[in-house]
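A.B. asks: Spelled out from the first residue to the last, the chains are:
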Amino acid sequence: MTITFLLNGERVELEDVSPTATLLDWLREDRGLTGTKEGCNEGDCGACTVMVTDPDGAKALNACILFLPQLHGKAVRTIEGAAGPKGELHPAQQAMIDLHGSQCGFCTPGFVMSMVASHANGATDHDTQLAGNLCRCTGYAPIIRAAQATEKVAVPTWVQEDRSFILPEKLRGEAESRGVEPPANVQIPQTADELAETYARHPDATLVAGATDVGLWVTKQLRDLDPVIFLAGCDDLKTIDVTDSEIRLGAMAHMNAVRQVIEPLHPSYGEMIRRYASVQVRNAATIGGNIANGSPIGDNPPALIALDATLHLRHGDTRRSMPIEDFFVDYGKQDRAPGEFVDQITIPRQEDNLKVYKLSKRFDQDISAVLGAFNITVKNGTVTAARIAFGGMAAIPKRATHVESALIGQPWSETSINAAMTAFDQDFTPLTDMRASAEYRLETARNLLMRYFIEHSGDTASVLEVSS
Amino acid sequence: MSIAKPLPHDAAKLHVTGAARYVDDIPTSRDCLHLAFGLAPIAKGRITAMNLDAVKRSPGVVAVLTADDLPFANDVSPSIHDEPLLSDGTVHYPGQPVFLVAATSHRAARVAARKGDVTYAEEEALLTVDQALMADSRFEDGPRIYEKGDAAAAIGAAPHVIDGKFDLGGQEHFYLEGQAALAFPQEGGDVLVHSSTQHPTEIQHKVAEAIGAPMHAVRVETRRMGGGFGGKESQGNALAVSCAIIATLTGRPAKMRYDRDDDMTVTGKRHPFKISYRAGFDDDGKLLGVDFLHLVNCGWAQDLSLPVADRAMLHADNAYLIPAIRIESHRLKTNLQSFTAYRGFGGPQGVVGIERVMDHIAHDLGLDPIELRRRNYYAAPDQAGADNTTPYGQKVEDFELHEMTAQLLDSSDYAARKAEIADWNAGQDRFARGIGFSPVKFGISFTLTHLNQAGALVHVYQDGSVHLNHGGTEMGQGLFQKVAQVAASRFGIPLEKVKITATDTAKVPNTSATAASSGSDLNGMAVKAACDTIRDRMADHLAQRYQTEPAKVRFEDGNVHIGDEVISFDEAASLAYQGRISLSATGFYKTPKLEWDRINGQGRPFFYFAYGAAITEVVVDRLTGENRILRADILHDAGASLNPALDIGQVEGAYVQGAGWLTTEELVWDGKGALRTHAPSTYKIPACSDRPDVFNVALYDGQNREDTIYRSKAVGEPPFMLGISAWLAQSNAVSSFGDAFPAMDAPGTAEEVWRAIRRVRDGV
Ligand SMILES: Cc1cc2nc3c(=O)[nH]c(=O)nc-3n(C[C@H](O)[C@H](O)[C@H](O)COP(=O)(O)OP(=O)(O)OC[C@H]3O[C@@H](n4cnc5c(N)ncnc54)[C@H](O)[C@@H]3O)c2cc1C
Ligand code: FES
Ligand code: FES
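Chains as they are written, first to last, in the working numbering: chain A, 1 to 468; chain B, 1 to 764.
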């Protein structure tokens, strides 16, 4: 298969790339571009950050879990391309020098590329933009000062040019017109229909969406994947629609795109997504992948269950739908047939009563120890409806049905909350692991219901809202 | 003069453009081999059978080595030869290297390394200090005890006594660049090794043993590390030795770097401690006697554990004059990673112990914790009475903390904020804010006295440019820039004329690790000596030539003033060259005044002390234990700073790293001794938003009272301990939920804070 993309403004065509060759390995080992660093090889440190521009705009992505085929038709900029053609430093680079933003310098290329991307997008929420870049030396303060100093400086022309270079249809068209057929074991369908057809024919294939899970199978479990179907080309699966009756999320909508539509409608869910992984991971991770992987600690499923979302699956031309909680059957087992894929998710439009609480050791970029999603309707002082779901508390994302029953029909009072808090024992028997003990999980899950009650009455909800 | 200027890091431009080269970035030829270890999955036992056929057949594999295949020494220990490179048949911790694979790519080596078919006879492992103590599994024959006065009697007679104990977790270094080495075979069996190490001489030494050659056959070069923090003092030995062995056996370059999960699984970390204390004090909170028990988890090999545990004892007093004290330290051997050097080298653990005692007493007496501390401080130099000595008999002659504390209380608006926080806490039961204060007095010098030496090599070329080399290594701390500033100042030339070069065992031999914060102190002095030798020779020559006296030759502003004549430094260099004057010199320095008996704990282990103080404010959530740092105010003593920008950078970074140790960074081993937090997905160092919202860092305006390089002070480790204030602040916040002392363990994760609140509030 031929992969075509732009690398620091220059066109690159690669034949016969392994479907699971990562951009990081290719840059460092084949291309001799060693400015992009490997700090963890699993998406957690940001040392490998590059900027990828596609029709949606410029994005920071982790090169260590980015497969070359995912880049087809896009523009990649690495640290070697951060400065201009004549060596003019990018304003972020200059600020990092002037304000002492590097010590050992190993994290620095990744930080600079995150800053180049966020600067190109005009973002100024630096803590969030840089949450996916770890630095062990500086304590971050000088890096943030550098990011701030860059805010008002214009985006350099060479960075802007990535956008105009990008002609995805044309690039893709060319690859096809030269008659390069991908080998049978790698497919890059360009539409949902093509995907449906291909996957039905190759039900044993591994689907790769954002590769934020699959990437680790390759880099950490050292698996070879064969055959592989990349979903990156299916633009029609990225569609997000908001109508009067529902929010419709295509399976390939990445988490930052999801955040943008969810934030105004369900701010607490939006805030949870802000804390979900990092900018780089959210730019890759898809909502479909976060559901399809069936993880008991995935952050979206509990929120979607609480919102009474519907999951739409497709196999060939056959489509079926189910309440999303029914998809999760047991640990590692979902209601999905071979050759069937997640097509989209719909969320009914509703009054916003949703609170999503994520507990983790670190606020940013950490997997949840407990994730509680509460959607409780109170009318005239009485609970009329309650949908409550948790992650991290069972083998699957799971509804707290006993807690819900204990609340429905009760007056909205501390007494009712205290009573309902005792019902958690009937819903959950969590485990102890490196993230938290079973006891902490169960007790704080209860307390999160109290937190909902407190927040409902307008009081401060989180330490994140407290200042000195 | 370039001294005292806030110049950027010398490699800043290389860093931001991605051009700075780390070991894994060094170009190699296509035939370079890549190495990986096959690791033991069990904590303790014997290998009963090993079938490596599948490993050998794995694609790309060129060689597979076990202990039996090693040509010479099978040892990578920096101390007592108890650390085989490859298991000698016994297994001591999960993650111990058992065999070595050389393959044509990094991935091929990693894939093959997982295919070993090894059978083990498992034995019962010791994982905790309590288990090890019970089994009398330890290093050294018994505990070390340092004593001053009769602590038991003093405590017995004291009007008030507290006691307690707590667990103090270890810490993963998480240098962003993992361990890495690259060896190029040379003619005649020699080898050139590039290593990401703080200790090139140690690498040279271990490589020489492993290839059966004298040290002169091995050259080790280190341009920079992507972070070290102590984790590259001894932990790089295994990789460098492996590369050198494969390179000499195969005649091909060999490179090894650990994947992050392997790095965290295989290498040592900060020592976890269990600390018990008993303290007697009077009504004013003045300490009368303190008794500490340190149970130190050293892991499976001795490595640097003895000096680490010693340093913890040497910092058990921190900033306080304690009339009677006893510190008993057990260095326990367990089946975990071999705990190793980590920024502060045991000092932080010692300091946490006494700071915990201080907060406990303050809580007991209802006294302001800062006031209590000030009452117990060592005396200022002009106030010092007869007894101003540490538990190990060193007189404290440079105590700066009275003045520093006063300044910090003022600049941080402590009193007003404390009152405001108390009001805020009283107004609700959901959150609590807390304030913590921790001072630090950190002893500077290696406690192994002979390590306090350094060498330098300086060349002046005939065009007036300068080549600088010394034994220190650059890991981000800015050492190279500081030392270059020294060289530029000695010659009175702009910094651009000084070329900083990689640390190289062929240029400066027999160096000590860049550790113990000593980098600029030692190497700065050695470089000064080398520069001054050349400068004196030039001055002699020029004086003669211009018929004046050497004392009338001055090196300033890029020029040389010879009496009334002025010529450029370049011209002076050229003249000296023509006059057949040697323009190359070595420099040497050894720290004066040291004298130390570590067995009896008596003497002067430290040349001087560095000081600092921090006030941290946090908020905690009663329902979930979630917590975060809201504000930190720091005043730190870097003497007369060689480079205030770099020094402030060290302070900011060290504070956040120290706070991370005691808050979010939790190492979790399972019941079988396997490390469950072996990747950044599960081990959480501070991220960007974890730094304090308000972060005020200043350097104390002072000078080193001892004669150090331009009267500066070491700054690498001391500010790490400022992060302790974050943990104390958590405890302070928790204490507002009830009457009991929170008695927290460390780290104060959300779960630990939640537990402490439950104890204090609900008595659970
Ligand atoms: C650093 C890091 C941090 C993370 N933090 C979080 C976090 O805070 N919260 C959280 O919930 N998760 C987190 N994750 C996990 C991960 O981001 C999510 O699970 C992600 O949503 C997976 O989506 P993806 O598109 O990357 O899926 P992929 O990795 O491409 O695929 C995941 C699985 O789903 C399958 N799949 C993908 N798309 C479909 C489809 N349309 N139909 C059927 N099957 C499909 C794949 O075959 C595979 O089995 C993190 C991951 C990383 C690397
Ligand atoms: S190397 Fe750490 S995120 Fe890619
Ligand atoms: S500068 Fe060393 S990790 Fe950031």
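Some hints could be false.
[Stated by the list, open to error] Pairs of lysine-lysine, DSS-like flavour, derived with a Cα cap of 30 Å:
1) B/Lys5 with A/Lys152
2) B/Lys115 with A/Lys152
3) B/Lys5 with A/Lys333
[To be verified] Okay, the calculated beta carbon distance ranges per label pair:
4) B/Asp670 with A/Thr239: 57 to 63 Å
5) A/Arg223 with B/Leu133: 42 to 48 Å
6) A/Glu197 with B/Arg114: 47 to 53 Å
7) B/Gly188 with A/Arg31: 55 to 61 Å
8) A/Ser437 with B/Ala121: 30 to 36 Å
9) B/Glu124 with A/Asp330: 34 to 40 Å
10) B/Asp739 with A/Thr422: 37 to 43 Å
By construction, these hints were calculated from the structure, which means they are not laboratory data. Everything numeric in this text was worked out from a predicted model, so none of it was measured. No residue lacks a Cβ here, since even glycine has one placed at the ideal position from N, Cα and C.
A.B. asks: All hints, please: hold or fail.
C.D. replies: Verification of the hints:
1. B/Lys5 with A/Lys152: holds, 28 Å
2. B/Lys115 with A/Lys152: violated, 54 Å
3. B/Lys5 with A/Lys333: violated, 63 Å
4. B/Asp670 with A/Thr239: 57 to 63 Å: At roughly 44 Å between Cβ atoms, A/Thr239 and B/Asp670 fall outside 57 to 63 Å, so the hint is violated.
5. A/Arg223 with B/Leu133: 42 to 48 Å: holds, 43 Å
6. A/Glu197 with B/Arg114: 47 to 53 Å: violated, 37 Å
7. B/Gly188 with A/Arg31: 55 to 61 Å: Check failed, 35 Å falls outside 55 to 61 Å.
8. A/Ser437 with B/Ala121: 30 to 36 Å: holds, 33 Å
9. B/Glu124 with A/Asp330: 34 to 40 Å: holds, 35 Å
10. B/Asp739 with A/Thr422: 37 to 43 Å: violated, 28 Å
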